[in-house]
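2 protein chains.
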Amino acid sequence: MSGSVGRPRAAVVVTGSELLTGAISDRNGPWVAEHLGELGFEVSHVLVVGDRPADLADALEFVRGAALVVTSGGLGPTADDLTAEVVASFAGVPLELDEPMRAHIAGILAAWARRTGFDGPALEEANRKQAMVPRGATALAPVGTAPGLVVTVPDGPVVVVLPGPPRELQGMWPAALAAAPVAELLAGVPAARSRSLRYFGLPESEIAATLRDLDTTGIEVTTCLRRSELEVDLRPEPGVSTDALADALIAAHERHLVSADGTSTDALVAAGLRDKGWTVATGESCTGGMLASRLIDRAGSSAYVDGGVVAYSNAAKTALLGVPADLIEARGAVSPEVARALADGARERFGADVGVGITGVAGPDGGTDAKPVGYVCFCVTTADGLVLARDPRLPGSRSDVRERSTDTAMHLLLRAVRG
Amino acid sequence: MSGSVGRPRAAVVVTGSELLTGAISDRNGPWVAEHLGELGFEVSHVLVVGDRPADLADALEFVRGAALVVTSGGLGPTADDLTAEVVASFAGVPLELDEPMRAHIAGILAAWARRTGFDGPALEEANRKQAMVPRGATALAPVGTAPGLVVTVPDGPVVVVLPGPPRELQGMWPAALAAAPVAELLAGVPAARSRSLRYFGLPESEIAATLRDLDTTGIEVTTCLRRSELEVDLRPEPGVSTDALADALIAAHERHLVSADGTSTDALVAAGLRDKGWTVATGESCTGGMLASRLIDRAGSSAYVDGGVVAYSNAAKTALLGVPADLIEARGAVSPEVARALADGARERFGADVGVGITGVAGPDGGTDAKPVGYVCFCVTTADGLVLARDPRLPGSRSDVRERSTDTAMHLLLRAVRG
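Taken in sequence, the protein lines are chains A and B.
Under full-length UniProt numbering, residue 419 is the last one in the first sequence; the count climbs by one each step, no gaps.
Under full-length UniProt numbering, residue 419 is the last one in the second sequence; the count climbs by one each step, no gaps.
Hints may contain errors.
If chains are identical, the list can't say which one is meant, so a pair holds when it fits in one copy or spans any two.
SDA-like cross-link-like pairs, simulated, lysine to any residue; straight-line CA separation at most 25 angstroms [unchecked claim]:
#1 K371 to A303
#2 K371 to G332
#3 K371 to L109
Hints were generated in silico from the structure; no laboratory data involved.
Please work from the sequences and hints to get the whole structure.
What follows is the structure, given as structure tokens:
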């Protein structure tokens with residue numbers, strides 16, 4: 001473990017053999033790391049380990065030098081849920097039954113048993129197991145059925161033990177921060193004032209060249225290319241300002257700048273639609289509802305989303321969005337003309353102010369020389385006559401093409417609502 | 001690092017400070033871990049580290065006991081891309097310019113520069129940096145612009161160094177396995193014959209109780225609750241059969257079993273629609289296109305997906321799917337009756353054989369006592385008169401409710417195509 005430069009270090013240990021088989025992706029590591037970073041910690045590592053006690057013990061030993069360690073998972077009722085036991089051993093204390101906690105969990109389980117009809121010895125065993133707490137630890141009230149733990153390790157870190165289901169982990173977070181050993185630690189952490197710049201359509205090599213000519217002393221700069229967006233994060237050491245560096249980066253690539261404060265494209269699109277008082281409707285083929293779903297993912301989106309049509313077949317394009325069959329015949333279902341007709345059709349059928357049309361070859365089959373896999377046509381049209389169109393060839397697999405298409409459509413829509 | 005029990009151990013080290021700020025989630029760790037498991041390795045850890053050389057070096061040291069280590073990321077053109085340098089130092093060899101590789105990358109970059117208009121010194125610098133190779137390493141041809149590496153560490157693991165973009169990493173995987181040091185290692189790995197069972201609507205505590213009464217000697221059992229599905233993975237040591245345990249688990253909870261061989265719900269729905277020669281259309285409100293998008297995510301889905309309507313507003317429900325305005329008025333937009341009308345409307349408008357309707361209160365606002373946040377109505381109807389309906393109250397945040405709704409709809413659709 002390297003020494004800290006100005007900020008105390010924290011680490012995250014995520015348990016779950018299912019995360020090592022590829023069955024599911026870990027959502028807790030990134031979430032906890034982000035929140036630790038916002039609190040001012042430098043996150044050194046996120047470790048994912050299986051449900052094997054020795055591997056979890058090794059992982060805790062590896063991060064012993066951190067000031068704070070957060071674990072997720074392994075608090076459930078099954079035999080492979082061993083985190084409380086391993087953390088107790090790491091802290092050199094025994095596990096003890098916490099009787100008030102057992103009674104508390106029993107109440108939760110009883111309500112659940114009445115609702116689902118599952119009951120009996122399996123439940124009692126689960127109850128007892130989940131109420132075992134390392135001696136001297138602070139127990140955090142369950143959000144689901146598993147309590148969390150805060151354990152101070154002598155000559156080691158404060159360990160916060162949280163459950164694996166993201167909803168339970170996130171729900172327990174405020175209580176974890178309020179627990180005395182964590183609150184004491186936080187009081188000594190200098191506030192982070194990190195800053196993010198977001199670009200669209202700018203290659204990473206250009207940012208690298210720009211950065212070589214700038215003074216980055218005391219600022220950790222990380223760049224992250226995420227499909228078509230490039231995010232540049234500036235994390236200063238305590239007392240260092242990021243303003244001069246951010247201003248220089250903004251000026252160097254202004255044409256590609258999406259936001260200078262890290263605001264997401266989705267938030268900008270939502271704000272733009274609200275500002276204009278517009279509603280949007282979509283006509284999607286290859287993206288199959290991903291754009292509509294992304295727009296609707298934000299709370300309150302009913303104020304500016306009317307809906308959309310997933311017109312995957314040609315017949316559906318004609319029947320539901322009024323795309324003329326002879327236009328499809330003449331230009332092909334994947335063509336700038338049909339993208340425009342999808343946008344217009346969606347706008348008109350839903351009575352929206354702005355329409356977005358997407359049609360493309362997502363692959364892996366269906367490509368031709370003229371219209372290869374990855375060729376996608378986009379069009380955004382507005383009731384007041386604006387037409388924005390693009391027809392790039394996008395790289396990658398079927399899901400890459402569909403995701404990049406959704407990105408591209410969002411950026412075209414952003415231009416329309418900003419214009 | 002604990003000793004291996006029958007299977008050689010492998011570890012994954014993922015680099016990228018952006019993965020520690022929560023900006024994006026790591027997709028490579030789970031993918032590589034899954035493929036290593038299928039090859040017969042026991043994956044001990046996935047470590048995510050920032051772009052700090054000392055932290056990466058510590059991580060490599062931590063997994064020195066593994067037979068194989070796969071790294072991802074840190075091969076790009078920016079100054080924070082340091083993996084090749086750190087791995088060379090871990091192996092105790094210098095970095096050297098690989099001139100044929102430099103020329104090869106120059107060709108790729110030139111084509112890209114012509115297409116995008118970005119060119120000049122930034123590009124030359126990137127080219128040279130990406131062609132530096134540890135002495136004695138096997139270089140793997142770039143899929144994007146960064147070559148991969150296979151480095152044999154004296155008294156240590158074989159380290160496979162892959163680029164961070166998932167498309168490049170996955171594209172380079174076959175070449176990495178074929179490289180001599182990896183191929184030699186693989187020749188000595190006993191084949192894994194793991195098995196997965198998938199359940200729907202079964203609590204984890206029930207599986208835990210069942211497992212306590214069964215003989216699991218020589219089989220690592222992991223359970224993973226993923227929203228409403230429970231996956232049980234059985235990973236045997238070499239020479240151990242999972243058949244008896246799997247049969248017992250199948251018999252114990254047959255009513256909740258989705259598949260006995262790990263086949264996903266999505267694959268079963270696709271196969272069921274194909275077998276019946278049916279097409280499907282969707283009428284979605286709160287899920288906003290997530291169900292259509294999920295159905296279309298599979299290659300070849302045009303054979304059985306007609307499309308769908310995202311009818312977010314009441315006006316759209318009536319105009320696009322023929323839901324009677326007075327029905328919405330009388331029963332409410334979120335009601336079993338409107339779910340049925342959405343299913344019927346989608347089926348009729350698209351000329352499909354089966355229709356799926358979803359309408360619910362995703363939250364965080366809009367809930368009432370009678371119809372709280374999380375109350376969602378589902379209906380599946382078929383041209384030959386089958387009607388399946390449900391109206392559960394689903395827990396969690398807005399995205400949880402939307403994702404669980406999509407799951408529930410998939411399972412209802414699966415029942416219809418199996419029925």
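Evaluated hints:
1. Within a single copy, K371 and A303 get their C-alpha atoms only as close as 37 angstroms, which misses the 25 angstroms cut-off; across copies the closest is 20 angstroms, which meets it.
2. For a Cα distance limit of 25 angstroms, the shortest separation of K371 from G332 inside one copy, 10 angstroms, qualifies, whereas the shortest one across copies, 45 angstroms, does not.
3. When the C-alpha separation of K371 and L109 is checked against a cutoff of 25 angstroms, the pair qualifies only between copies, where the shortest distance is 24 angstroms, while the shortest distance within a copy is 57 angstroms.
Hint check: no violations occur; every hint is consistent with the structure.
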